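2 protein chains.
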Amino acid sequence: MSQREKSQRKNAFYAQSGGVTSVINATACGVIETARNHSNKIANVYAGRNGIIGALTEDLIDTGKESDEAIAALRHTPSGAFGSCRYKLKSLEENRAEYERLIEVFKAHDIGYFFYNGGGDSADTCHKISQLSEKMGFPMQAIHIPKTVDNDLPITDNCPGFGSVAKYIAISTREASYDVLSMARTSTKVFVIEVMGRHAGWIAAAGGLAADEENDIPVVILFPEIEFNQERFLAKVKDCVESYGYCTVVVSEGAKWPDGKFLAEQDTRDSFGHAQLGGAAPVVANIIKDAHGYKYHWAVADYLQRSARHIASKTDVEQAYALGKAAVEMALAGDNAIMLTIVRLSDDPYAWEIGKTDLVDVANVEKMMPAEYISEDGFGITDACRRYLIPLIEGEDYPPYERGMPKYVRLKNIGVVKKLKTEFKI
Amino acid sequence: MSQREKSQRKNAFYAQSGGVTSVINATACGVIETARNHSNKIANVYAGRNGIIGALTEDLIDTGKESDEAIAALRHTPSGAFGSCRYKLKSLEENRAEYERLIEVFKAHDIGYFFYNGGGDSADTCHKISQLSEKMGFPMQAIHIPKTVDNDLPITDNCPGFGSVAKYIAISTREASYDVLSMARTSTKVFVIEVMGRHAGWIAAAGGLAADEENDIPVVILFPEIEFNQERFLAKVKDCVESYGYCTVVVSEGAKWPDGKFLAEQDTRDSFGHAQLGGAAPVVANIIKDAHGYKYHWAVADYLQRSARHIASKTDVEQAYALGKAAVEMALAGDNAIMLTIVRLSDDPYAWEIGKTDLVDVANVEKMMPAEYISEDGFGITDACRRYLIPLIEGEDYPPYERGMPKYVRLKNIGVVKKLKTEFKI
Numbered sequence: 196m197s198q199r200e201k202s203q204r205k206n207a208f209y210a211q212s213g214g215v216t217s218v219i220n221a222t223a224c225g226v227i228e229t230a231r232n233h234s235n236k237i238a239n240v241y242a243g244r245n246g247i248i249g250a251l252t253e254d255l256i257d258t259g260k261e262s263d264e265a266i267a268a269l270r271h272t273p274s275g276a277f278g279s280c281r282y283k284l285k286s287l288e289e290n291r292a293e294y295e296r297l298i299e300v301f302k303a304h305d306i307g308y309f310f311y312n313g314g315g316d317s318a319d320t321c322h323k324i325s326q327l328s329e330k331m332g333f334p335m336q337a338i339h340i341p342k343t344v345d346n347d348l349p350i351t352d353n354c355p356g357f358g359s360v361a362k363y364i365a366i367s368t369r370e371a372s373y374d375v376l377s378m379a380r381t382s383t384k385v386f387v388i389e390v391m392g393r394h395a396g397w398i399a400a401a402g403g404l405a406a407d408e409e410n411d412i413p414v415v416i417l418f419p420e421i422e423f424n425q426e427r428f429l430a431k432v433k434d435c436v437e438s439y440g441y442c443t444v445v446v447s448e449g450a451k452w453p454d455g456k457f458l459a460e461q462d463t464r465d466s467f468g469h470a471q472l473g474g475a476a477p478v479v480a481n482i483i484k485d486a487h488g489y490k491y492h493w494a495v496a497d498y499l500q501r502s503a504r505h506i507a508s509k510t511d512v513e514q515a516y517a518l519g520k521a522a523v524e525m526a527l528a529g530d531n532a533i534m535l536t537i538v539r540l541s542d543d544p545y546a547w548e549i550g551k552t553d554l555v556d557v558a559n560v561e562k563m564m565p566a567e568y569i570s571e572d573g574f575g576i577t578d579a580c581r582r583y584l585i586p587l588i589e590g591e592d593y594p595p596y597e598r599g600m601p602k603y604v605r606l607k608n609i610g611v612v613k614k615l616k617t618e619f620k621i
Numbered sequence: 196m197s198q199r200e201k202s203q204r205k206n207a208f209y210a211q212s213g214g215v216t217s218v219i220n221a222t223a224c225g226v227i228e229t230a231r232n233h234s235n236k237i238a239n240v241y242a243g244r245n246g247i248i249g250a251l252t253e254d255l256i257d258t259g260k261e262s263d264e265a266i267a268a269l270r271h272t273p274s275g276a277f278g279s280c281r282y283k284l285k286s287l288e289e290n291r292a293e294y295e296r297l298i299e300v301f302k303a304h305d306i307g308y309f310f311y312n313g314g315g316d317s318a319d320t321c322h323k324i325s326q327l328s329e330k331m332g333f334p335m336q337a338i339h340i341p342k343t344v345d346n347d348l349p350i351t352d353n354c355p356g357f358g359s360v361a362k363y364i365a366i367s368t369r370e371a372s373y374d375v376l377s378m379a380r381t382s383t384k385v386f387v388i389e390v391m392g393r394h395a396g397w398i399a400a401a402g403g404l405a406a407d408e409e410n411d412i413p414v415v416i417l418f419p420e421i422e423f424n425q426e427r428f429l430a431k432v433k434d435c436v437e438s439y440g441y442c443t444v445v446v447s448e449g450a451k452w453p454d455g456k457f458l459a460e461q462d463t464r465d466s467f468g469h470a471q472l473g474g475a476a477p478v479v480a481n482i483i484k485d486a487h488g489y490k491y492h493w494a495v496a497d498y499l500q501r502s503a504r505h506i507a508s509k510t511d512v513e514q515a516y517a518l519g520k521a522a523v524e525m526a527l528a529g530d531n532a533i534m535l536t537i538v539r540l541s542d543d544p545y546a547w548e549i550g551k552t553d554l555v556d557v558a559n560v561e562k563m564m565p566a567e568y569i570s571e572d573g574f575g576i577t578d579a580c581r582r583y584l585i586p587l588i589e590g591e592d593y594p595p596y597e598r599g600m601p602k603y604v605r606l607k608n609i610g611v612v613k614k615l616k617t618e619f620k621i
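Residue numbers (this note's numbering), protein chains in the order written: chain A, 196 to 621; chain B, 196 to 621.
Honestly, I wouldn't trust all of these hints.
The list makes no distinction among identical chains, and a pair is therefore deemed to hold if it is satisfied within one copy or across any two copies.
Listed next, the in silico DSS-like pairs over lysine-lysine satisfying Cα-Cα at most 27 angstroms (straight line) [said to hold, decoys possible]:
1) K260 <-> K484
2) K283 <-> K490
3) K433 <-> K285
4) K456 <-> K283
These aren't lab readings, by the way, just hints derived from the structure by calculation. Please read these numbers as outputs of a predicted model, since none were measured by experiment.
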């Protein structure tokens with residue numbers, strides 16, 4: 196490479212935002228491997244330590260210090276390898292200093308590409324950075340790469356991270372249902388599993404996949420989209436137990452009472468008067484016990500579901516990687532202020548391609564479960580929902596194992612030498 | 196086969212008892228496939244529908260009606276394919292009628308071999324049946340095949356079912372820890388996972404495998420064997436968060452306060468005054484929050500852990516199958532009133548063989564975690580414990596998948612025509 200070519204290269208910035216997933220590192224892998232393949236254009240990829248906070252505090256990670264093997268291993272490693280954060284930038288009007296600081300840091304480190312891997316909030320940040328950098332005379336190409344287990348971003352067919360959670364919940368619900376069926380004669384008759392999804396019921400819907408033509412399992416789903424009707428719910432559970440001998444309930448953490456309060460927000464206190472922050476699962480289990488007296492068990496999957504790389508969906512891993520790769524390619528082709536999307540071409544066999552959409556169309560839009568995906572009684576999923584979900588959980592992509600345990604990678608995460616004299620307080 | 200040979204054949208009875216596991220069907224598979232290979236001695240295997248209740252009520256399942264493919268698929272199907280039950284037979288003095296009924300049913304169906312697949316209680320039942328059948332002039336060979344996720348049976352190196360739960364908990368704890376590490380800068384600092392094991396801390400100990408030389412994860416374990424010391428626990432958690440930025444807590448459902456009460460038995464009430472049956476995980480999370488203010492997440496794995504066939508330990512599956520096979524072979528060789536055992540020959544590489552022990556030595560002995568397996572501070576596991584545990588989780592044994600979901604088998608479970616005129620009330 197000539198000196199001239201070298202001097203024209205820019206660095207890229209990559210950061211992970213919000214709740215992590217079992218495949219967000221596959222996207223990081225796609226970004227970094229593709230950037231390495233274009234080293235004539237991209238000098239290095241700097242990652243934000245703990246997401247955008249790393250950019251604000253000039254705490255950048257030099258991914259160039261990691262071996263090719265370590266970067267390749269990101270593809271099968273859950274969590275956010277560079278750290279993520281829950282830190283929402285205020286509006287431009289409220290805190291212009293934050294945005295200016297970001298651009299100051301990017302300028303100091305000669306960053307020409309901004310890849311932000313996150314959900315709705317980060318799409319908004321990405322958009323503002325693109326606009327402001329232009330105004331400040333240091334134009335950067337800002338590309339948002341979708342990621343969220345909640346699957347609630349608009350326009351894209353789905354969000355990387357969701358397919359693997361959906362697979363985990365579908366499998367776990369099926370496995371636990373087999374278990375309960377075995378025990379129901381003398382013991383547990385109702386099993387309640389609580390799943391993530393505070394606003395949208397996509398993950399809860401995946402529990403419905405536990406049942407199919409060969410697995411006649413009575414699954415009752417409580418969606419955040421459907422107001423909880425205790426009477427109808429109890430009748431449904433009773434009906435299942437009387438017909439099948441048992442019942443499996445999948446409750447979304449976002450399920451709500453008619454007054455809008457979360458089921459999980461029961462006003463419970465322990466013997467010392469401390470508020471007890473329980474989950475929705477024990478609340479639902481107790482409601483059933485009180486009404487019908489059925490013996491129950493309940494589980495709260497919590498982080499287990501979104502970090503379960505051991506049973507990730509192959510489709511999901513492939514899409515997560517492909518989006519990272521495409522982000523770099525599109526940036527080099529001149530794209531800016533876009534979010535990448537998955538475009539579904541057909542359900543069965545599943546065919547998809549990478550698309551893009553303007554960031555202005557993404558910000559502040561949440562994609563809920565459409566009404567036609569929820570069965571008429573409100574407790575199940577429709578065939579249309581199955582056609583949508585099944586491709587997303589297809590395929591297994593097992594990590595390598597050593598002595599019984601998955602081999603996940605921990606990066607060295609060596610910092611880039613700071614260039615600015617100023618500190619920035621978070 | 197001559198008529199004479201045919202008439203000398205006996206039927207075998209097989210039943211599953213107590214909480215099911217992800218590999219108890221692998222034992223059933225071993226029993227039935229091996230019996231089929233000895234059809235000159237064993238005419239058919241009848242399974243108890245819902246365990247011993249099926250024998251008491253003469254509700255037997257004719258496994259001969261299942262195809263070889265269906266029986267082979269049991270090897271990768273979690274749960275109890277014939278149904279299990281929680282039903283403890285009373286002592287001979289208290290309810291001799293139950294035992295006599297069992298022998299009456301076995302006699303009516305020409306059963307010469309009694310294979311009972313369960314934990315401590317079923318070992319006791321097995322023993323009594325062997326004794327009584329002899330006294331009643333219809334001697335049966337009673338063989339107990341160990342099974343329990345709790346791993347608390349004596350003499351045997353381990354109990355089938357445990358290795359797979361251990362693997363699931365070790366992996367889930369590692370995966371969730373990676374997740375928390377990613378989030379700890381601005382969000383969750385403490386993750387609490389509750390695991391099974393009401394009396395013994397074997398499953399909790401498996402959480403300690405999340406950490407190893409390459410995975411420096413701060414795991415704090417609360418064992419049932421160690422009295423909960425709130426002050427020391429809080430200091431330990433604080434220490435982890437200050438050194439590592441986060442902390443992972445594995446709490447056994449059997450963890451207890453100094454007064455002997457389970458942590459899970461907090462006297463919590465909801466706003467209507469109903470007792471709230473929570474888990475230990477939310478209690479522990481709240482204790483930490485109250486003292487240190489750390490943001491937390493918690494999970495309760497419950498049935499997910501013991502039904503997680505998708506990530507079963509290969510060692511566990513092989514041992515479960517081998518025990519089923521050996522039970523039939525030993526019965527044919529004349530053994531009676533024994534429990535089969537796993538005998539460990541070496542740790543690394545792990546070598547084992549099948550052994551046997553008199554049932555009299557098994558009954559009413561619970562194997563707790565030995566003191567040398569628990570670290571000095573009471574919150575972790577020792578190297579000796581690792582050497583014991585690692586071989587049990589080694590190897591993966593993935594089930595087949597179709598459209599993203601594991602293909603588990605549901606048997607036809609066709610009943611054997613009843614021969615007795617009497618009913619038996621449970």
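We went through each hint and held it up to the structure:
1. In the homo-oligomer, the alpha carbons of K260 and K484 never lie at most 27 angstroms apart, since the shortest distance is 57 angstroms inside one protomer and 38 angstroms across protomers.
2. When the C-alpha separation of K283 and K490 is checked against a cutoff of 27 angstroms, the pair qualifies only between copies, where the shortest distance is 17 angstroms, while the shortest distance within a copy is 44 angstroms.
3. Proximity of K433 to K285 under the C-alpha cut-off of 27 angstroms is found in neither arrangement, the shortest distances being 49 angstroms within a copy and 32 angstroms between copies.
4. In this homomeric assembly, K456 and K283 come within 27 angstroms of each other (Cα to Cα) only inside a single copy, at 25 angstroms, whereas the closest approach across copies is 43 angstroms.
Consistency note: the structure conflicts with the earlier hints numbered 1 and 3.
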